[in-house]
Each structure stands twice: as structure tokens, then as C-alpha cells.
Amino acid sequence: MTTRWTRKDLLGLRELSADEINFVLETTDAFKQVGTREIKKVPALRGKTLVNFFVEPSTRTRTSFELAAFRLSADVINLSATASSLTKGETLKDTARNLEALHADILVLRHSSAGAPQFLANRLRASVINAGDGAHEHPTQALLDLYTIREKREKIGGLHVAIIGDILFSRVARSNIFGLVKLGARVTLVGPSTLVPREFEKLGVEVSHKIEDVLPQADVVNLLRIQHERQRREYFPGLGEYIRLFGLTKERAKLLKPDCLIMHPGPINRGVEIDSEVADGLQSVILDQVTNGLAVRMAVLYLCGGIST
Amino acid sequence: MSATIIRNGRLIDPANNRDEIADLVIVDGRIAEKSEIRNPKSEIDEIDAGNLIVCPGLIDMHVHLREPGFAHKETIESGARAAAAGGFTTIVCMPNTSPVPDNPSTIAWIKDRAAEAACVNVLPTGAISRNLAGEELAPIGSLAQAGVVAITDDGHCIQNHEVMRRAVEYARMVGLPLLDHCQDYNLAGNGVVNEGYWSTLLGLPGWPAASEEAIVMRNILLAELCDHHIHCQHLSTAGSVRLLREARARGVKISGEVCPHHVALTDEAIQNFDTNYKVNPPLRARTDVDALLEGIADGTLSILCSDHAPHATFEKEVEFDAAPFGIIGLETELGLFLDLLVHKHGKIDILRLIEMYTVEPARLLRINAGTLSIGAPADVTVIDPNLEWTVRVDKFESASRNSPFDGWKLKGRAVRTIVEGKTVWKL
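Heads up: the sequence lines are chains A and B, in that order. Take 1 as the starting number for the first sequence in our numbering and just add one per residue. Take 1 as the starting number for the second sequence in our numbering and just add one per residue.
In short, the hints are calculated from the structure, not lab data. From a predicted model like this one, the values you see are computed outputs, not experimental measurements. Check before you lean on any hint, since a few could be wrong.
Stated by the list, open to error - Residues of chain A clear of chain B, computed beta-carbon distances all greater than 12 angstroms:
(1) Thr6
(2) Asn22
(3) His160
Unchecked claim - Think about it this way: if two alpha-carbon atoms lie no more than 30 angstroms apart in a straight line, the pair counts; the simulated DSSO-like pairs of lysine-lysine are:
(4) B:Lys316 with A:Lys93
(5) A:Lys93 with B:Lys395
(6) A:Lys257 with A:Lys202
(7) A:Lys257 with A:Lys210
We put the CB at the ideal spot given by N, CA and C, even for glycine.
I would like the entire structure built from these sequences, with the hints used as guidance.
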């Protein structure tokens, strides 16, 4: 294995150097190419066991990791919180140690608590891949976002990226911030003051509460899902007002530069954070993100899985 | 008749304005004059305290002993041993046990258990509200008769200001101080760490300084309204210090205490999600730590304590937001405060440090302790202020291990603890 990658775990982008991030993106190039072949499978992780351990529900990310593992020829077990002993009162540590006793090599963890992947990584020999922990990090999502920007614009440094929506509770936002700032992008966070507190400026980004000021300057807009399934009435008065102030409507989309990329980690609320036609428009790269997500996750599993051997 | 002479120590007794090299005489468990010794020379127990400090037994007025109900974390017996090992002869235990001591029989049980098993003095507190629910008053008069030294809902905070107001008025009648854990529940929400840079970076729910300060302000107003003492527990923020300083200058009956972790650490320590740094109130920012140090230096914060909060390792070894709050402190607090306040930052001298651990809590709680006056109970702590040592949690007397200070090198510690004339612990 190359000296450019020495980590058994991928916990977040805060701990990665710019060089490490670039190395994952370069590795992703090779795996993206695998997806275009007739035989979409390589033997890189043959004989290895991967456990998709999703303590918080997810379909998209879990499926992407599962498919990535299949394409690397790993054996995959899917475990959800309800199917595990966590519901019987077993601790996360004990559940994970049991999985390790079965010689799982890679543990992909989605968890509602920030820090849960690090907690396990400190205690297990197996590789731990963070598939989203609370409002902390979602590193593979940010890596696929970075990869998509790099693919479409051939660079990241110097670009102006606007991240719009519920930043405070977003792990996607935090991982994107860490990665984009390291690679030299200018980042502006946009959203209501309750969901985009000024404290974020200390992370090396700008904060704006006026979407019209930011859209004309942006090279990329990354829209985050507004979680209306969890009522956050203390944070903003309602979806109607959110759309009026921050929604990427058809009219507002006209403010964008013609080559500005529109991204969204999904699942989309059509008509809330983004108008349906904008989501399906020419500037949208939302489905490219999904395709690239698979290649990024193959690269991450390949790199970390190689170290844990 | 038993007699002990502690020879050649630097005798520091703030209650009597004494700081001199002298011998301390103990006869039958009480501080005595040399002339009271009737024993032949061979029967006198002699302790050499050359180069050591001999002071009144230290008091920690904020300790969780977990019994009854949570003996897997700590017992009255193990907590008392931890206290002795830390140099404490008197500890005040908090009421968040099961059952809650909101009734005289639970107080009686704690006192019986302490008499049976504890090697130091254990003074119980009673609950302010029934079952610590913050709704109805506990039988505060009966608790006073049962022998509590204060009332508190520690671990909880009465949110209804009217209920608190009546509690303060009622406690004034029976002469008990109130100790309050200052936390506005709405503002703190589900916060687990200080709201600020690190909570933003790590995506952990924040517990803002304003949540503590709102209740400190409330307590100042009620102490004034009811003309009775309220003591604010484990203060952690710059705003709390500022509020308290202003109120004390006006003569309001309000006081505050500080724990070692709130001055030894900042919220930066949580960055690896180690739950041994998870404590309530949370570790704060550098500016808060600096304000606490100033508050100690100018007397705004008058009492030092540990908020010794034991939890079993299996309880702490979980996801950060699921872990219980708390740090154990009895066996590290004196070393940390000596090291930080006296040696490193020079905020106070050792005389004031001893005063904050003896005279100040004794006066607040109206207890006969914290002095080396002739006739007082011979509770004595012997301190080596310059001894360099390393914290080893695996050597703790406490039943729990949840300390973030393992491996810390400190200067100064207790080397002998004497309760009623008997050495209950020595290094």
C-alpha cells in the first residue's frame, strides 16, 4: 500500500490532509472507470467481510456502500438497529465487539450520536468507516461532493461554493466545510440565523442570511435537505417562510451563473429547498453525485480495507 | 487517654489567623493544650511534620456518594475512603440517590450507614423538592430536625421560580442554606457540551453559558427578595462570576463554588469524544476559565469542591451523548488546586486555599469543623505542598474510575488525614 494512505479508519474530513483528500479523489478515478465496464467487479476485497451497521435508518447511503462492497468482491452483512441487540439493551461497544469476534474486517457505521465511529475505531481492530454520525461528519458524502465538483469544473481551489439550508444540524455541511476549506475553495453558508449561527465563521467560512446576495457569485450551490419530518419550530417559523426566504426557486435560479453547479445530497424535498424544475435542470448534477458516490465508497473501502489487513 | 503530638509542622489555621511553625496536640480526639497531656512519654504518639503543612481537616461540600441506590458507582464507605485519600475529613453528600432523601428516614439511613462504614465525617443534605421533581416542597423542617446541613436538588434545578422562592423563604425559617445547581432547562435543551467553537465543529448539542447565568441571576433576585442565603454550585462561566461579584458587593446573601475540572480544562478537551470529559455544567471556553481564576483570586468564588460524581466504566463507555455527566474528584482536587491556583497561576496563597476548604464551607453550613481551636474535634489534614506526584486512577480508593486526569503530574497533596485524632489515611 502506498504511503499516501495509512489510515485504517475514515472518521471525518477534519482529520485528513489536503494530500490525503486528493489521493482518495485520484483513487476514485480508477474505480469510477470500473463502473463503466461490462463486468463491474474487481477482486480487491475478496474474502473480506464488511458489516453495514446502520443504527440510524438510511437507504441511499447503505445501498451505496453495499453495492461498493459487492463490486470489490467483499462479503456483506447488513445490520440495522432494530435487527441488532441494541434494542435488547446491549451497548454499542458490545455489539461491535461481537461483530469483530466474527472477524468482520470493515464496519460501516451510521449512528445518531456524534463521535460514535471514533468510539468504535479506538476499540476495534477492524476498519471503521463513518457513514454519518449525528450532526458531526459524513465524510464519504463530502468526498463524493468534492469529486463531483472536481470532475465538472476540473478544480476545487478558487471556486466559490454556497452551502444552503440547515447547517447547524448537518453532518454533510461540516464534512463539506472541512474538505472545501482544505482544498482552497471559498465557502459561504446560507440559511436562517438560527440554523447558521455566526460561530461557523471560526471554521474559515462566510455566513450569509440573504440568498440573493450569494447566488450570483457562486460556482457551486449545495442545497441541504430541510428536515420537516422533525418539527423545528423554534428554529424557523415554517416551510412557507423558509421557501420565501431561502428556497432555490425558478426565479432565484436565474441569478446563478450559467456554469454554476447545483448539488443536493438527497433525498430532495421538491418545492421546499429546491424547485422541481431546477432540480431536474441542466445545471443539476444531483444524479452524478449518486454515481460518483459509489466510486468514492469503493475507493474508501479499498484504501482502508487494505490498511486493516 | 490517648495523646498525639504533630511536631514541627507549618500550622495553618485560618479560623484563628495562625500561620506558624508549631506543634499540634491532640488529646482524646480533640485539639488540646500541651498541659492537658497526662500520659507517660512512651504512650504519646508522635508524628513528625517537618516541612509539611498541618491544617484543619478539609471539607468538600459537594460530593455524590451514590448510596442508597447506586452502589455499583460508589458507596458511602468507598467514597469516604476516597475523601480520606484526598485529604478530606468532612464531606457533604448530595441527594440524587434512590430513594431521594426528601424524608427523615432516608436521612437517618444515610447517617447510620456513615456511622457504620465511613472513615470521615459524612454530612447529608436533603432535597428541596419532593423526589427532586421541582414541584412541591419536601418536608424541609423535618429534614432539618433529622440533621441535614443544607437542602439542594443538585443534579436537578427547580425551574419554577415561585416554587424556589417559597423554598428559600421556608429554609430561612429553619436556618438551612440552599445549594443550587444552576441550569435553565429550556436554554440548555439537550446540550451535552459548552455551546461554542467546539460544539459547532463537532456537531454536539450545545449547553450555552446563558443557561447557567439565567439561574444565577434568578438566585440573586430571590436571595434579595427573601433575605436568605443561596449558594450556587459548580459555577462555570464568566457571566456567573460577573453576576456574583456585583451582587456580593451589594451585600446579597449569595455565594459560589468552583470545581477543579472547570479551571484545569477547557471544552477543547472534548474533541476526541472521550466521555470522561463529559460533565455538567460542561467544560467551558478559555475566557470562562480565566474569569473563574479571577473570581477565585478576588474572593467572588469562595468555596472549592469536587462535585465528585462517580460512574461505572461500562456506563461511561458509550456514545458521547448517551453517557452520564460526571467526573470523580475527591482524590485529585487538592493536588489540582494546589498545582494550578497556588503554584502555576499564583492566584491565591496556600492560606487562602485552606480557608476556602475549611472556614468558608463551615461558616456557610454552620458546622463545627474547619478549625484547630482548642477543644475542636481533632480533624486534621497534613499536606506536603511541594510533593510531585502522578495521578493514577487505577490506585484510587473510589469505586469508580471516571477521571480525565489520569497521568497528570501535580505538585502538592495531602499525606495524612486525621479524623477525631485517628489517622484514617496516610501516604
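Which constraints among the numbered hints does this structure fail? Numbers only, ascending.
none
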